[in-house]
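Protein chains: 2
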Amino acid sequence: MITSHHNPLLKDVRRLAARKERGRFVAEGEDLLAAAREAGWEPVHLLRAGIEVSEEALAKVSSLASGTRELAVFEERWAAPAGPLCVALWGVKDPGNVGTVLRAALAFGASSVVLGPGTADPYGPKAVRASMGAIFAVPVARAAAVDELPGVRIALDARRGDPLRGPAEGEVSIVVGAERAGLPQDVLDACDRAAHIPIANESLNAAMAATLAVYELTRVTEHQC
Amino acid sequence: MITSHHNPLLKDVRRLAARKERGRFVAEGEDLLAAAREAGWEPVHLLRAGIEVSEEALAKVSSLASGTRELAVFEERWAAPAGPLCVALWGVKDPGNVGTVLRAALAFGASSVVLGPGTADPYGPKAVRASMGAIFAVPVARAAAVDELPGVRIALDARRGDPLRGPAEGEVSIVVGAERAGLPQDVLDACDRAAHIPIANESLNAAMAATLAVYELTRVTEHQC
Numbered sequence: 001m002i003t004s005h006h007n008p009l010l011k012d013v014r015r016l017a018a019r020k021e022r023g024r025f026v027a028e029g030e031d032l033l034a035a036a037r038e039a040g041w042e043p044v045h046l047l048r049a050g051i052e053v054s055e056e057a058l059a060k061v062s063s064l065a066s067g068t069r070e071l072a073v074f075e076e077r078w079a080a081p082a083g084p085l086c087v088a089l090w091g092v093k094d095p096g097n098v099g100t101v102l103r104a105a106l107a108f109g110a111s112s113v114v115l116g117p118g119t120a121d122p123y124g125p126k127a128v129r130a131s132m133g134a135i136f137a138v139p140v141a142r143a144a145a146v147d148e149l150p151g152v153r154i155a156l157d158a159r160r161g162d163p164l165r166g167p168a169e170g171e172v173s174i175v176v177g178a179e180r181a182g183l184p185q186d187v188l189d190a191c192d193r194a195a196h197i198p199i200a201n202e203s204l205n206a207a208m209a210a211t212l213a214v215y216e217l218t219r220v221t222e223h224q225c
Numbered sequence: 001m002i003t004s005h006h007n008p009l010l011k012d013v014r015r016l017a018a019r020k021e022r023g024r025f026v027a028e029g030e031d032l033l034a035a036a037r038e039a040g041w042e043p044v045h046l047l048r049a050g051i052e053v054s055e056e057a058l059a060k061v062s063s064l065a066s067g068t069r070e071l072a073v074f075e076e077r078w079a080a081p082a083g084p085l086c087v088a089l090w091g092v093k094d095p096g097n098v099g100t101v102l103r104a105a106l107a108f109g110a111s112s113v114v115l116g117p118g119t120a121d122p123y124g125p126k127a128v129r130a131s132m133g134a135i136f137a138v139p140v141a142r143a144a145a146v147d148e149l150p151g152v153r154i155a156l157d158a159r160r161g162d163p164l165r166g167p168a169e170g171e172v173s174i175v176v177g178a179e180r181a182g183l184p185q186d187v188l189d190a191c192d193r194a195a196h197i198p199i200a201n202e203s204l205n206a207a208m209a210a211t212l213a214v215y216e217l218t219r220v221t222e223h224q225c
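Protein chains in written order, with the working numbering: chain X, 1 to 225; chain R, 1 to 225.
Hint data in this document are derived by calculation from the structure and do not stem from the laboratory. Treat the hints with care, as some may be off.
Heads up, the list lumps identical chains together, so a pair's fine if it works in one copy or across two of them.
[What the hints assert, rightly or not] For lysine to aspartate or glutamate, the following DMTMM-like pairs were computed, each having C-alpha atoms within a straight-line distance of at most 20 Å:
1) Lys93 with Asp31
2) Lys60 with Glu169
3) Lys126 with Asp12
4) Lys126 with Asp94
5) Lys20 with Asp186
6) Lys93 with Asp157
7) Lys20 with Asp94
8) Lys20 with Glu148
9) Lys60 with Glu171
10) Lys93 with Glu171
11) Lys126 with Glu179
12) Lys11 with Asp192
13) Lys60 with Asp162
14) Lys20 with Glu76
15) Lys20 with Glu55
16) Lys126 with Glu75
17) Lys126 with Glu30
18) Lys60 with Asp12
19) Lys126 with Asp31
20) Lys20 with Glu171
21) Lys20 with Asp162
Input sequences plus hints: build the corresponding full structure.
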């Protein structure tokens, strides 16, 4: 049992949790690790308090204020951008928002979440935690340009286009920008059209806008005309 | 100019920010204070760095890691629960979620946000910050029981009732519970009916569920049958 926090594996965990090293990532807590198991992810390392590692040594590498009973290291997985419903984030810097979008993507059955330039690392501890395990269930991809996205590309922009109305017909990528800055002009230009969430007042943050967009695009109309 | 953090006013600010005293609350940062001004709220005290207070003394009472340029104390305002669209939170302990719901209520023009038992203080610093200023624009009320809520009371519950479908007809109160526990049986019984957000997988947090509910209930159908 590991008892020293100088142990090389624990040092490795700290480096990964601080994202000083990439390729693998850390997930902590029984709920997250249960989500990983359910989704069939095998950890590279599993560290349980009192089994593989002492409680004290585990607490020292935990990023949770209350410590954790279980921590695991996994290999990152990167998919290709895929439809029929792809959510692409462009310049969304807040890792909590990235995690929340993963969660919404899972809730409404989106096919993939694509991280464009300037978007927070989905495998950082805050994004993993905010995803509530959705990081293990939703395919995550990277893209450098809008033309890598599948289907009709819709720029979600508070001030442009028509109100977004679902259900989506055919393959759609919805592109969401940063809360204040919105989408840069070249990204808007590269999209097929723009649409917005009709709101009465003020702006929505990126996670709320993306959540409402996937809700709307997967919304089943019950009353047929 | 106040330069000592032993100053009685700064001591008062610290007590209010820690919610050791109620009735008044603290808001920090230029964006929040701009939202207050726009909504016509007059601060009881205004503390600007280099004007009423030294930068150093202000940094010591700021709850922001980066410090603040402006901080103000306001009187809390409590309204009565009001329709036509009222969002009621029951046992929503996370102040960030309370703030996010305020923001969604403002975005979609809900008439009031009601805090039921066991719900986080909307005037605490985290809720105020998460509201992005919506705390100054949306009427906030308290209720001890469901029968204080206006109109038809709909319990939002992941596992019960029909899919929630808007637009709302007449006065509606939508009652949202805690993420894991959901609504207690006596609250469900006191509501007129239950409804859920139809999702493919997993659960939504209270803020996301409430946001989607107000979106759905205010959603205007463009294509008439």
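Do the hints match the structure? See the list:
With identical chains, the CA atoms of Lys93 and Asp31 are at most 20 Å apart between copies only, with a shortest distance of 19 Å across copies and 25 Å within one. Proximity of Lys60 and Glu169 under a CA criterion of 20 Å is satisfied in neither setting, with 50 Å inside one chain copy and 55 Å between copies. When the C-alpha separation of Lys126 and Asp12 is checked against a cutoff of 20 Å, the pair qualifies only within one copy, where the shortest distance is 18 Å, while the shortest distance between copies is 33 Å. Taking CA atoms no more than 20 Å apart as the test, Lys126 paired with Asp94 passes in both settings, with 9 Å inside one copy and 17 Å between copies.
In this assembly of identical chains, Lys20 and Asp186 lie within 20 Å of each other by CA distance neither inside one copy nor across copies; the values are 31 Å within and 50 Å between. Proximity of Lys93 to Asp157 under the C-alpha cut-off of 20 Å is restricted to the intra-copy arrangement: shortest distance 17 Å within a copy versus 32 Å between copies. Taking the shortest Cα distances, Lys20 and Asp94 sit within 20 Å of each other inside one copy (18 Å), while across copies they are farther apart (31 Å). When the C-alpha separation of Lys20 and Glu148 is checked against a cutoff of 20 Å, the pair qualifies neither within a copy, at 28 Å, nor between copies, at 53 Å.
For the homomeric pair Lys60 and Glu171, neither the shortest alpha-carbon distance inside one copy (46 Å) nor that between copies (53 Å) is at most 20 Å. When the C-alpha separation of Lys93 and Glu171 is checked against a cutoff of 20 Å, the pair qualifies neither within a copy, at 26 Å, nor between copies, at 39 Å. Proximity of Lys126 and Glu179 under a CA criterion of 20 Å is satisfied in both settings, with 18 Å inside one chain copy and 19 Å between copies. With identical chains, the CA atoms of Lys11 and Asp192 are never at most 20 Å apart, being 47 Å at best within one copy and 56 Å at best between copies.
Proximity of Lys60 and Asp162 under a CA criterion of 20 Å is satisfied in neither setting, with 51 Å inside one chain copy and 47 Å between copies. In the homo-oligomer, the alpha carbons of Lys20 and Glu76 lie at most 20 Å apart inside one protomer (14 Å), although the nearest pairing across protomers, at 44 Å, exceeds that limit. In this assembly of identical chains, Lys20 and Glu55 lie within 20 Å of each other by CA distance neither inside one copy nor across copies; the values are 24 Å within and 34 Å between. For a Cα distance limit of 20 Å, the shortest separation of Lys126 from Glu75 inside one copy, 17 Å, qualifies, whereas the shortest one across copies, 34 Å, does not.
In the homo-oligomer, the alpha carbons of Lys126 and Glu30 lie at most 20 Å apart inside one protomer (16 Å), although the nearest pairing across protomers, at 26 Å, exceeds that limit. In this assembly of identical chains, the alpha carbons of Lys60 and Asp12 lie at most 20 Å apart only when taken from the same copy (13 Å versus 36 Å across copies). Proximity of Lys126 and Asp31 under a CA criterion of 20 Å is satisfied intra-copy only: 15 Å inside one chain copy versus 25 Å between copies. For a Cα distance limit of 20 Å, the shortest separation of Lys20 from Glu171 qualifies neither inside one copy, at 37 Å, nor across copies, at 53 Å.
In this assembly of identical chains, the alpha carbons of Lys20 and Asp162 never lie at most 20 Å apart, being 43 Å within a copy and 48 Å across copies at closest.
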